[in-house]
Every structure is written in structure tokens, then in C-alpha cells.
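Top to bottom, those sequences are chains A and B. Under numbering that gives the first Met the number 0, the residues of the first sequence are numbered 0 to 454, in order. Under numbering that gives the first Met the number 0, the residues of the second sequence are numbered 0 to 79, in order.
Think of the hints as simulated: they come from the structure by calculation, not from any bench. Don't take each hint at face value.
In silico SDA-like links for lysine to any residue, alpha-carbon gap of 25 Å or less [to be verified]:
(1) A:K14 / B:I55
(2) A:K7 / B:D56
(3) A:K326 / B:D66
(4) A:K42 / B:T59
(5) A:K391 / B:R37
(6) A:K7 / B:R37
(7) B:K62 / A:A324
(8) B:K69 / B:E57
(9) A:K243 / B:K72
(10) A:K391 / B:K72
(11) A:K42 / A:W408
(12) A:K7 / B:D34
(13) B:K62 / B:L48
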Amino acid sequence: METNQKLKYERPVIKQLNTGVTNKFGPQMGFMPHTHIDGIAVKDLINTYGSPLFVLSERTIRQTYQEAFSAFANRYPNVQFAWSYKTNYMNAVCNIFHQEGAWAEVVSRFEYEKALKNGVPGDKIIFNGPDKTTDDHMVAVQNNSPIHIDHLDELYSLMAVSQKLGKRPKVAIRVNMDTGVQPIWDRFGFNYESGQAWDAILKIIQTDRMDLVGLHCHIGTFMLSTNAYAVATAKMADLALNIKRQFGIDIQYLDLGGGFASRNTLKGTYLNGADVAPSFHEYAEQICSTLIRAGFRSEELPLLILETGRALIDDAGFMLGTVLANKRLSDGRRATIMDFGVNLLFTAFWYEHTISPAQECSQYTEDTVLYGPLCMNIDVVRESIRLPLLNKGDQVVVHRVGAYNMTQWMQFISLRPNIVLIDTDGQPHLIRKAETVEYLTQLESTPAHLSAFDL
Amino acid sequence: MKLRKSVAVSENGFVFNASRGDSFSANPTGARILDWLRDGKSEEEMKTLLLDLYDIDETTCEKDLYDFLKVLKQHNLLDV
Ligand SMILES: Cc1ncc(COP(=O)(O)O)c(C=O)c1O
Numbered sequence: 000m001e002t003n004q005k006l007k008y009e010r011p012v013i014k015q016l017n018t019g020v021t022n023k024f025g026p027q028m029g030f031m032p033h034t035h036i037d038g039i040a041v042k043d044l045i046n047t048y049g050s051p052l053f054v055l056s057e058r059t060i061r062q063t064y065q066e067a068f069s070a071f072a073n074r075y076p077n078v079q080f081a082w083s084y085k086t087n088y089m090n091a092v093c094n095i096f097h098q099e100g101a102w103a104e105v106v107s108r109f110e111y112e113k114a115l116k117n118g119v120p121g122d123k124i125i126f127n128g129p130d131k132t133t134d135d136h137m138v139a140v141q142n143n144s145p146i147h148i149d150h151l152d153e154l155y156s157l158m159a160v161s162q163k164l165g166k167r168p169k170v171a172i173r174v175n176m177d178t179g180v181q182p183i184w185d186r187f188g189f190n191y192e193s194g195q196a197w198d199a200i201l202k203i204i205q206t207d208r209m210d211l212v213g214l215h216c217h218i219g220t221f222m223l224s225t226n227a228y229a230v231a232t233a234k235m236a237d238l239a240l241n242i243k244r245q246f247g248i249d250i251q252y253l254d255l256g257g258g259f260a261s262r263n264t265l266k267g268t269y270l271n272g273a274d275v276a277p278s279f280h281e282y283a284e285q286i287c288s289t290l291i292r293a294g295f296r297s298e299e300l301p302l303l304i305l306e307t308g309r310a311l312i313d314d315a316g317f318m319l320g321t322v323l324a325n326k327r328l329s330d331g332r333r334a335t336i337m338d339f340g341v342n343l344l345f346t347a348f349w350y351e352h353t354i355s356p357a358q359e360c361s362q363y364t365e366d367t368v369l370y371g372p373l374c375m376n377i378d379v380v381r382e383s384i385r386l387p388l389l390n391k392g393d394q395v396v397v398h399r400v401g402a403y404n405m406t407q408w409m410q411f412i413s414l415r416p417n418i419v420l421i422d423t424d425g426q427p428h429l430i431r432k433a434e435t436v437e438y439l440t441q442l443e444s445t446p447a448h449l450s451a452f453d454l
Numbered sequence: 000m001k002l003r004k005s006v007a008v009s010e011n012g013f014v015f016n017a018s019r020g021d022s023f024s025a026n027p028t029g030a031r032i033l034d035w036l037r038d039g040k041s042e043e044e045m046k047t048l049l050l051d052l053y054d055i056d057e058t059t060c061e062k063d064l065y066d067f068l069k070v071l072k073q074h075n076l077l078d079v
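Just chain A, with the same shape it has in the complex (with noise of 0.2 Å):
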């Protein structure tokens, strides 16, 4: 019998205490060991699937997108969401927002090919953005696609394809306005101060090759104020109210584009993104309030689109991980070395991510920073966060993950890890597989005099 019972380990750490200056406020979050998502051991996950693993949530998805649309639907008769694709353009999750009711809002041809595979209606697909060719214009137009306006050389080159198909364009024009937050974005569209934004209008109207359907403007992203929203929605309605006025024309829509901002904390602020961030009640309250005090008759109130992009699906994607070394840098700082990095967290150069355990962790924490396995001095994930002690081959649990992680991810160095998705019934089912040497070579061809060497 063994009778000289060991202690249980835990490695030697020592902390200076900082008398005087005061610890960063907000909850310390991650300390908590994440050990299941919906149900289903991160153990498991990472046996069955490998890590690292990007992994997604249907129900937090359902959820937050029914929260989403009940916030705008208690307060505006007519309100439509459009998934923006760039945000997560998993067909699977896309198909979700779909099943709830989402049409798709699309800034590529590629993007624009992928909703209508997924089987979305051509007259409910958006397609926005500065990149639009002859052809994409085309089969947009045969397709009753809303074609957005983003310049006025796209307004001329829309006019050449309607009088070469004779076929009328459905078109909105995209605003960019001053919205009272800096930076102002106005690369995309027509500016509404300068009075360009009317010039395009009348220039649609008298021309008369389209019929101008909507006003779209997307005023930035993670807008932390909502009183923007409140400033964009009343510039929006006096458009329309004038084209209504002078024209007689009614808008149908009036889409605010996305651009609310998730629960995640941005880098260089103090303030935890959980508390700071806005509920969709806060800003629908401000968009729908202006709305319907904009002086429509309440018979002609148009059309509400939202393109909600981070919001709807941040909290839904976790990013699980393995610590693969430990390290001391030379000013004495602890550094843990992981096996994802920025090529697959590109959101790590925008916000501090929380990060947790995934499994029962010291009460002791330490400093750290976290490095990704990339030999490239930019792949930190965390310049200095806070974790209890963490040994090679612990995992651990990256929160709120689930924009534009999926979709700005690099091919660089490494391949691209499974996605996998936990449907409402905890079912995990692999929804991207991970990427091999041969899917990615498929595309290359060696010309023949470089195809042998003898070293």
C-alpha cells in the first residue's frame, strides 16, 4: 500500500504587489475553468476534432438573432435583417440566420454566389459594396437583386447594363453622413452634408433606368454610440421624405446597415466590452423612436433593413486551444506560447479577447503574454493578460469569436483548423473541415523546367 502520499503540484509563482496603484477595474474574468460549450466536454471536442478548433454555438446564434429581431419588431411595424456574409460566411451558419428569416447582404460576387447556392431568392439578396463588375451588375439585374450604389462610376456603368438588358435595376444609393462620431466613414457612397448624396438621387430619378427602391448607409463599426444611430435614421428619413415631396416616388426601404458593437472589450480601453456595449434594445429603441416620428404617414412607414454583422454572432464562436510552451522574455515577463495565433484570431489585432481554462486551474495567477506559434513578431494574441499558471498541453477557451474570425482568417504558415458546430440538441456536427496540404496545392502548377532539382 502507498503510504507516502504526494502533495498536489502547483508550479512556484511569485507576484509583485503594486501598493498604491490601483488594479484595472472590470470583473477579472477567466479564472472560471470553461470546461463544456452547450453541453459538450472542450476535452472531447478538441480529442474528437483536434486543436486548435474554432467551434460554434446554433442556440446562442437562434438566440441572439430572435433578441435581436424582437428588439426592432416591438418597435417598428416593418423591420428585415440581412446577414451580412463577410461577418461569418459559413454556409451552415448562414443557413441559420436564413432559417430565422434573414435574407443575405452581400459585398463580392463570390459572397453573392454563395447565398444563391444556399437558395436564397435572388430579390432578397443585397449586394452592396465599392466592387461590382459589368457582370456581377448583370446577374444582379436579371436576378432582382437590390443593387446598392457605392460611386457614381457604378451608377453609370449599372445605366449602360439596364439599357443593354432593358431591364430595370431595383437600386439604393449607400449615404455616408457625419453621424457626430469620428472617424467619419465617407470612402463608401455619397456624402448627405455636401449635397452629393441628392445629386445621385436625382440622377437615378431623371434618368429614369432604375427604380430607386431604398437608402442604405452603414455608418462604421462597433458604434458604441446610439445616438449615431438616432442621427443617421432622422438624415435617412429626410431623404426620403424629400424624394416622396419633390417626386412623388415612395422608398421602400431604408437599410442602416450593421455596425452595433459586441459584447467584446476593444483594445486600449479599461472599460469590459460586456458592460460598455449597448443591448439591441438601445439601439433599436433610438432607430425605431426617429423612425416613426419622421413625419411618414403611418401607411408609408418603409421598410426597416438591418445588416447586423459582429452582434449577431460574436458570442456564438469559441476558439479552443492548447498551450504548447512556456517562456520567460528578458525583462522578466512570463510569456505562454499557444498553437493558434493571429493567423486564425485576425480579431486578436481589434479586441482583448477573455480567454478561460478549460480545465480545474491554479487560484494563482500570473501576467502572461500570449503568443501564437507563428514565427512573426506581429502573432500576439494577448499583449498581457491575467491567467492562473497554465502548463504545456493545458487548454484553454477564447471567447467571442464568432466575427470575421472565420472569414479574415490567413493561410499563412499553417492550415486552417475544423469548425465545428453544436446544433440546439448538442449535437456537434463538423461544419468546415480542416484544410490539407493537398486542398491547398491543388491550385498551383510547377512549370515543367522547375518540376525536378537534384541538391
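Got chain A sorted already, so can you dock chain B with the ligand onto it with the hints?
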């Protein structure tokens, strides 16, 4: 390698270096090693002690001890 005379370690892991006015907090493993350092134990001796006391493998023990001693030096807690 020895703990500086000016360094006091309390039972609950509170560490105070009187010569500089710095204070620290160590976890129980850390505090134990500080005690051994005060007694003048060598790195090799401390490793043996850790392996006897705790449920760990030799590599982890060696890596962690090495790292911990580096941090103590960085914080000016050791006479070298
Ligand atoms: C035109 C348009 N609509 C919607 C979105 C989604 O924005 P967000 O993720 O900030 O809600 C974007 C993103 O930049 C966009 O450019």
C-alpha cells in the same frame, strides 16, 4: 545562491524586501522554495526535495524551478 537578508517571508506567502520596500505574494510552492533558499539549499537539493514532496515529473520540476529562480533574481531577492 541565497535569499537576501532583507527579505522576509510570512507563512501565508507574503514576501517583503525591506531594503527596497517591495512586496510580493508567493503561492505555497513558491514560499516553500524561498524558505529553502534562506537555508542555503542548492538548486539540486531543492529539486530532490520537490520531487519527494510533490506529485510531479522531473522535467517539469527542473523547468519550473529554473524559471522561478530567474524571476527571483529579476526581483532582486537573491544574493548572487
Ligand atoms: C455594408 C455593410 N453592412 C454590414 C456590415 C456588418 O457590420 P457589423 O459587423 O459592424 O455589424 C458591414 C461591415 O463592415 C458592411 O460593410
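Comparing the hints with the structure gives:
Restraint check for K14 (chain A) and I55 (chain B): satisfied, since their Cα atoms lie roughly 23 Å apart, inside the 25 Å limit. This hinted pair checks out: K7 (chain A) and D56 (chain B) have alpha carbons roughly 12 Å apart, not beyond 25 Å. For the suggested pair K326 (chain A) and D66 (chain B), the alpha carbons sit about 8 Å apart, so the restraint of at most 25 Å is met. Annotation: proposed proximity of K42 (chain A) to T59 (chain B) holds, straight-line Cα distance about 22 Å (limit 25 Å).
Distance restraint check for K391 (chain A) and R37 (chain B): the Cα-Cα separation of roughly 30 Å exceeds the 25 Å cut-off, and the hinted pair is therefore not satisfied. This hinted pair checks out: K7 (chain A) and R37 (chain B) have alpha carbons roughly 24 Å apart, not beyond 25 Å. Simply put, K62 (chain B) and A324 (chain A) have alpha-carbon atoms about 11 Å apart, close enough for the 25 Å limit, and the pair holds. Straight-line distance between C-alpha atoms of K69 (chain B) and E57 (chain B) comes to about 18 Å, which keeps the hinted pair within the 25 Å bound.
Restraint check: the Cα-Cα separation between K243 (chain A) and K72 (chain B) comes to about 76 Å, which exceeds 25 Å; the hinted pair is violated. A threshold of 25 Å between alpha carbons decides the hint, and for K391 (chain A) with K72 (chain B) the separation of about 24 Å falls inside it, so the pair holds. The straight-line distance between the Cα atoms of K42 (chain A) and W408 (chain A) is roughly 24 Å, inside the 25 Å bound, and the hint therefore holds. For the suggested pair K7 (chain A) and D34 (chain B), the alpha carbons sit about 19 Å apart, so the restraint of at most 25 Å is met.
In summary, the hint linking K62 (chain B) to L48 (chain B) is supported, as the alpha carbons are separated by about 15 Å, within the 25 Å threshold.
When the structure is compared with the earlier hints, violations turn up for hints 5 and 9 and for no others.
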